[in-house]
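Protein chains in written order, with the UniProt record's numbering: chain A, 1 to 281; chain B, 1 to 281; chain C, 1 to 281; chain D, 1 to 281.
Calculated directly from the structure, the hints in this document are not laboratory data.
If you're wondering where the values come from, they're calculated on a predicted model, not measured in any experiment.
Ideal Cβ positions, reconstructed from N, Cα and C, are used throughout, including at glycine.
Among the hints, a few may not be true.
Keeping only pairs whose Cα atoms sit at most 20 Å apart, straight-line, the calculated SDA-like set for lysine to any residue is [claimed, not checked]:
(1) D/Lys-190 to A/Ser-20
(2) A/Lys-166 to A/Asp-137
(3) D/Lys-14 to C/Glu-254
Coverage of chain A stretches by chain B, computed from C-beta distances (three or more under 8 Å per stretch; other residues unrestricted) [as the list claims (entries may be wrong)]:
(4) 59 to 66
(5) 80 to 86
(6) 198 to 212
4 protein chains.
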Amino acid sequence: MLQLDEKILNQIIKPRPLESHKGNFGKILTVGGNQQYGGAIILSTAAAIHAGAGLVSCATSPQNLTALHSIVPEAMFIDFNNKKAVSQAAEKTNVIVVGPGLGIDIPAVNILENILRNSRKNQFLIIDGSAISLLADNQKLFKFLKEKQVIFTPHQMEWQRISGIKIADQAEDTNKKQQQKLHATVVLKKYHTVIYHLDGTSSLLPIGGPYMSTGGMGDTLTGIIAAFLGQFHLKDYEQVIDAAVYCHSAIAAELSSSHYIVLPTDIIGRLQEFMAQYTNS
Amino acid sequence: MLQLDEKILNQIIKPRPLESHKGNFGKILTVGGNQQYGGAIILSTAAAIHAGAGLVSCATSPQNLTALHSIVPEAMFIDFNNKKAVSQAAEKTNVIVVGPGLGIDIPAVNILENILRNSRKNQFLIIDGSAISLLADNQKLFKFLKEKQVIFTPHQMEWQRISGIKIADQAEDTNKKQQQKLHATVVLKKYHTVIYHLDGTSSLLPIGGPYMSTGGMGDTLTGIIAAFLGQFHLKDYEQVIDAAVYCHSAIAAELSSSHYIVLPTDIIGRLQEFMAQYTNS
Amino acid sequence: MLQLDEKILNQIIKPRPLESHKGNFGKILTVGGNQQYGGAIILSTAAAIHAGAGLVSCATSPQNLTALHSIVPEAMFIDFNNKKAVSQAAEKTNVIVVGPGLGIDIPAVNILENILRNSRKNQFLIIDGSAISLLADNQKLFKFLKEKQVIFTPHQMEWQRISGIKIADQAEDTNKKQQQKLHATVVLKKYHTVIYHLDGTSSLLPIGGPYMSTGGMGDTLTGIIAAFLGQFHLKDYEQVIDAAVYCHSAIAAELSSSHYIVLPTDIIGRLQEFMAQYTNS
Amino acid sequence: MLQLDEKILNQIIKPRPLESHKGNFGKILTVGGNQQYGGAIILSTAAAIHAGAGLVSCATSPQNLTALHSIVPEAMFIDFNNKKAVSQAAEKTNVIVVGPGLGIDIPAVNILENILRNSRKNQFLIIDGSAISLLADNQKLFKFLKEKQVIFTPHQMEWQRISGIKIADQAEDTNKKQQQKLHATVVLKKYHTVIYHLDGTSSLLPIGGPYMSTGGMGDTLTGIIAAFLGQFHLKDYEQVIDAAVYCHSAIAAELSSSHYIVLPTDIIGRLQEFMAQYTNS
Chain A
1 MLQLDEKILN QIIKPRPLES HKGNFGKILT VGGNQQYGGA IILSTAAAIH
51 AGAGLVSCAT SPQNLTALHS IVPEAMFIDF NNKKAVSQAA EKTNVIVVGP
101 GLGIDIPAVN ILENILRNSR KNQFLIIDGS AISLLADNQK LFKFLKEKQV
151 IFTPHQMEWQ RISGIKIADQ AEDTNKKQQQ KLHATVVLKK YHTVIYHLDG
201 TSSLLPIGGP YMSTGGMGDT LTGIIAAFLG QFHLKDYEQV IDAAVYCHSA
251 IAAELSSSHY IVLPTDIIGR LQEFMAQYTN S
Chain B
1 MLQLDEKILN QIIKPRPLES HKGNFGKILT VGGNQQYGGA IILSTAAAIH
51 AGAGLVSCAT SPQNLTALHS IVPEAMFIDF NNKKAVSQAA EKTNVIVVGP
101 GLGIDIPAVN ILENILRNSR KNQFLIIDGS AISLLADNQK LFKFLKEKQV
151 IFTPHQMEWQ RISGIKIADQ AEDTNKKQQQ KLHATVVLKK YHTVIYHLDG
201 TSSLLPIGGP YMSTGGMGDT LTGIIAAFLG QFHLKDYEQV IDAAVYCHSA
251 IAAELSSSHY IVLPTDIIGR LQEFMAQYTN S
Chain C
1 MLQLDEKILN QIIKPRPLES HKGNFGKILT VGGNQQYGGA IILSTAAAIH
51 AGAGLVSCAT SPQNLTALHS IVPEAMFIDF NNKKAVSQAA EKTNVIVVGP
101 GLGIDIPAVN ILENILRNSR KNQFLIIDGS AISLLADNQK LFKFLKEKQV
151 IFTPHQMEWQ RISGIKIADQ AEDTNKKQQQ KLHATVVLKK YHTVIYHLDG
201 TSSLLPIGGP YMSTGGMGDT LTGIIAAFLG QFHLKDYEQV IDAAVYCHSA
251 IAAELSSSHY IVLPTDIIGR LQEFMAQYTN S
Chain D
1 MLQLDEKILN QIIKPRPLES HKGNFGKILT VGGNQQYGGA IILSTAAAIH
51 AGAGLVSCAT SPQNLTALHS IVPEAMFIDF NNKKAVSQAA EKTNVIVVGP
101 GLGIDIPAVN ILENILRNSR KNQFLIIDGS AISLLADNQK LFKFLKEKQV
151 IFTPHQMEWQ RISGIKIADQ AEDTNKKQQQ KLHATVVLKK YHTVIYHLDG
201 TSSLLPIGGP YMSTGGMGDT LTGIIAAFLG QFHLKDYEQV IDAAVYCHSA
251 IAAELSSSHY IVLPTDIIGR LQEFMAQYTN S
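This is chain A alone, in the form it adopts within the complex:
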């Protein structure tokens, strides 16, 4: 297992080409945020914007519109109950994040199915939180993942649901076996997160710590991964995912020297300055 270190940031975070426009840095669509968990999709969206995504639309409950704009007026809004608007947005995007705060009720399943059904071949699909649980319970939805570039970002209980492996049995070998069957990258979030790659290799995240054990932390990660995939165009895109995961925890580690706990909002607020350190490589 490759142990990630700071070099991954030097490899991935590059100065931007001078002649470029927003489209070069990714059109991101984030989908989630019901009445109860609206903050999750707001954090994901804000993280994507602060991590450098070119254009970010957030498909969420209309109840979250105003809080979204109060936190990131840079975001665009789509009512996630508007099936047509969501499917059109899904088609026109490079990277989709689906799941943060989506919930597990019937409307949530319908939204997830609509997104998956309308996503395109060459898209990145970051599937997080309740969307993972929904997939585990609706196996027929897996057919829509074919020929997409799928990234799952489960915590251990969500991994249990989708892999069938109980938390106590989640060892590297068993995890890898199930991940390979999913034909997806798996970012298994835990103390020392592991990223399982499509080619059977995996990366270990040796940084991060309990100062990150706070609500919304995983939602924030999805936004960073989305922004990195949207703007850093490597053939081996799983290196880009590795870098995003490392970046998220490296910022938290840095802040933890002065903060007892690190909040998602803190990480989001530090992204732009943190990333600037790596452009002189």
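Following the hints, complete the assembly by docking chains B, C and D onto the known chain A.
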């Protein structure tokens, strides 16, 4: 009476165990905030999150949803008129704060009763503000407090209401006598707050001052107590309460050297860095 | 005419008495903010809170509730269409600000009349913006100002409306004559603001400048005056008004050395630290 | 083609005249922001306020009211569906920005027509984003631009729509030819933006970079141009436009030394201090 000093922070605020997850640091439920007093529950919730609680849900009026997320997108939301959702949340939580901005009308009584009825034996119940007044007026609700770990956080008028002791007569002995009958910890907020413990001892807070005489200060304290109880697991949990009360005023005292008055928002914004100072003990 | 200088701040801004509570520092009610001008009453309310008022309630349009709490969760809210709630709040308060963003339509007149009718003898009434224009057009409302401590804060056009003196003719003598007829303190806002006192004296503000020519600046002043009157209890309360007016412009002047223009939000954010400088006098 | 440099800021950003009032620094009306793109008009409005406009009203969807005030309580609000209120506001203003986030549906066309129809001879009309596309598709609206001071701020695709010149063919000569037919200043936003003036000259912006390729950047520019036109009264007002465009990118360039990408919100937050540097010229 024990006079609290900074040592209590060194004793209680400890480095977090490396292998841990959000659940280890408390599931908090804050309940309150009607149309008039929505800010109160937002401040309580924000304080809990910044003080390190693992997961925080806020049951409040739907009118407060957007302001809640604008201030702390890390919070989760529950409509406090949704009896079933509130009772389910009450069951699944470690610490409940009830009262900030709840009001004293009929719906408020019903919400309070619902919360108390559905709280569990080993839970912490922090009862603040209007919830104290409501209890004083609805003695039948006291039966739900049995075998819970109850903390009252009255100011002197609220203490008068629930103890029957007029403010002029609130001396240590009479206070203690009534507090013992309540089988609850009492944080009596005043110039030099006193914390009355279950075992008959009490702690005096020698810090704090008139720069704290501003709306929302007590609401903020409830959130800090909740977060501390959620994450610092001592058998003698009243030491944890002492530490939370000390922390709240110590931050205010520190800020008062540069601020004519200290606002709740200032204290909330300083919690993470302040607490970081005590992990090297 | 007395020329104000920094000494007025040393005279008025005093260390708070140690044994005190929120009630000692003023219960403020701010009234205004229709759909079009909601920001005005939010700025007034936020200024009152940051300038040290004990408790601040804002009676405004329900459309402004969420933005109010997003900016100052410390504030309490009253629907200004709720006649009973507003009149009850008016009775229980020490200082009323009425006018910022109130508008001049029929509902606005009714709200103003309700406030004036329910204000009490010993209250401070700060009448600003559209409330001044409404009074000018509804002379029958003047009877409610009797035996109150009234402060008008007009700009020159509003002063023309209520005094009948055209802007070109607004000289010290003519102004004073009309101000004396009003039995009110008049803060005439202009380049070098003048405060006309009840005893016929007046104070000149020699500071402030064109960096303050931006929307919301006067609304912010009303909140500072309210907070000062609520917490600094001098028999000669017009000195307190002088200090509040000086404080507002002194902060702006200080910030103007680094800011091309100074926004109301900047002044509000600087109040607590600015005022702290004057407690060692 | 004139290559702009920092001198343009020294020429345009002047100390304000001492005796002045808000009206001297411009009454701005910003129009845009449907449900999907509300952030765009909020950013434009916030930029106008922070860049020194005297008074700024924002005509937008009621859904954006609260987020607008949460970000800039200094702004005034108009429901953009209220035809009468919008047309009255258009008449009373010095500078109109129309387009950011307006959308291209039927209501958007009607709002645009209402604005253009009610604008006055000596007004500045900044036409941006979807309003440019709408004009391209509704040629009959051009008649309302006669004898106005019109500024178009297209990106290359919008310029293609309104000029008929395909992006690949957008060379200086062809651009200028079409711009002259429009009788309008054209700020053509691209890597090295060009400003085409009414007299046939043009200015090249040699600064700015890919750190600006993020959603909302152009919306922010419209607010800065509006504020500059509102407060800096030069006969040759196109120099003022040049300065606004330079200012926007100069702030971004400055921030890019420490920020991997620069967000609109960052530029808005830096405007006041940045502009203060140029008043000693």
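Now the hints, each set against the structure:
| no. | hint | verdict |
| --- | --- | --- |
| 1 | D/Lys-190 to A/Ser-20 | holds (9 Å) |
| 2 | A/Lys-166 to A/Asp-137 | holds (16 Å) |
| 3 | D/Lys-14 to C/Glu-254 | holds (19 Å) |
| 4 | 59 to 66 | holds (count 3) |
| 5 | 80 to 86 | violated (count 0) |
| 6 | 198 to 212 | holds (count 3) |
Of the numbered hints stated above, the single one contradicted by the structure is hint 5.
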